[in-house]
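**Student:** Mind docking chain B on chain A? Use the hints.
For the protein sequence lines, the chains are A and B, in the order given.
Residues 1 to 191 (our numbering) make up the first sequence, in order.
Residues 192 to 373 (our numbering) make up the second sequence, in order.
No lab work stands behind these hints, which were simulated from the structure alone.
Be careful, since some hints might not be right.
[What the hints assert, rightly or not] Keeping only pairs whose Cα atoms sit at most 20 Å apart, straight-line, the calculated EDC-like set for lysine to aspartate or glutamate is:
| id | chain 1 | residue 1 | chain 2 | residue 2 |
| --- | --- | --- | --- | --- |
| 1 | A | 169 | B | 305 |
| 2 | B | 326 | B | 199 |
| 3 | A | 46 | A | 64 |
| 4 | A | 102 | A | 6 |
| 5 | B | 312 | A | 67 |
| 6 | A | 35 | A | 96 |
| 7 | B | 312 | A | 6 |
| 8 | A | 33 | B | 325 |
| 9 | B | 227 | B | 318 |
| 10 | A | 35 | B | 368 |
| 11 | B | 293 | B | 361 |
| 12 | A | 102 | B | 199 |
| 13 | A | 169 | B | 302 |
| 14 | A | 169 | A | 67 |
| 15 | A | 169 | A | 64 |
| 16 | B | 211 | A | 53 |
| 17 | A | 33 | B | 368 |
| 18 | A | 184 | B | 305 |
| 19 | A | 35 | B | 199 |
| 20 | A | 33 | B | 199 |
| 21 | B | 282 | B | 361 |
| 22 | B | 289 | B | 361 |
| 23 | B | 291 | B | 368 |
| 24 | A | 184 | A | 149 |
| 25 | A | 35 | B | 206 |
| 26 | A | 169 | B | 206 |
| 27 | A | 33 | B | 206 |
| 28 | B | 266 | B | 199 |
| 29 | A | 35 | B | 254 |
| 30 | A | 184 | B | 215 |
| 31 | A | 102 | B | 302 |
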Amino acid sequence: MTGARDYFSHLWPTLPEAILHDLIEIFHQHEAKRKSILTAEGEVEKYLYLVLEGVQRAYAIGEDGREATLVFTYPISFSGVADSFLLQQPSRYWFETLTPSKFLRASFQDFDAVLLRHPLLERYLRLAISKTLEGVLARQIELQSYTAEQRFRTLLQRSPHLLQLVPHKYIANYLGMDATNFSKMLGQIKI
Amino acid sequence: MDTQTLLDQFHQRTEAILSKAVTEWQNLPRQQLLQKPAPDRWSAAQCLAHLNVYGDYYLTAIETAIQRAQSRGNKPGASFRSGYLGAYFTKVMLPDSKTKMKSPANAVPPEVVDPIKVLAKFIDQQEQLLTLIDKARMVNLNQVRIPISIAQWIRLKLGDTFGFYIAHQERHALQAERVIKG
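Here chain A stands alone, though its shape is the one from the complex:
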């Protein structure tokens, strides 16, 4: 999947051709090396990303300087700091690549213009955001009521490929575990 047409046909198979046509016009290729910061805390997210290759994460830095990994993105998915993009307000998070990455991305101005031209696109967008909200709330439950081991198993079921793609410290951080504990659990599962 390299082009915007393929990508949107996959994400939204019923999207009318007229909208598809306008969307393809505004999404452009973008590449970033490993550990590139694409959006810094305090900046307004300028782009809506579609991930073609690689793994990225959004994370917050607490007052004590500690990182909290909020989400990983990888193909096939939207990416970027969603709330900052949609509300056009300063981001509270950092958005960075964890591996060399390729994207298609559209600027807010361009995307907003297409939305204004095609009110039906709002509906597709609402469904996409609803899915995201569903995921965020599910993770909220995982964080509040699962044990570390349950969180670990849930992630390995959902995204086992991450183990081969990103340094384990990021996965441990996402799960709220220290790295030693994480490697212990990983060792037990392999046996």
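**Tutor:** Showing chain B alone in chain A's frame:
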């Protein structure tokens, strides 16, 4: 040599090592990282522990030197030319060099290391190195100098420091790879 091309090459070579560590080594069982080809040879974990000792020194030294240079208003140059010593150190350090070397006592890894911790630290250091290679685009690789770890009075150009540090990593990463493959 063109500065940006050189830094791109440093980035790619570091990326290659880091990618190997992330996609392969960190998923190996501890035992495989600890096995030795012979009683007097290093395990893969020991090879990486050896590199971590140099990382502790050079990454800090490079970071400090870049910051100082920037605060002095140092600007990047279009091209880089190796110094005499820098070129020599890099040449003998590369994996295909025939020169045998003995590690200084402080860089000989202990017999017992925790392979998971060693590898995690190694991966951290490669990520830091990528960041430093990027920061180096803001300063002059000919003018910024870094004292070498074993003799503070010898100061190599930043471009040469990256060159020989990365060559050293390649040398021992290959050694680790050979030990892992058995």
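**Student:** So which of the earlier hints does this model not fit?
**Tutor:** The structure conflicts with hints 3, 7, 9, 10, 13, 17 and 31, although it agrees with all the remaining ones.
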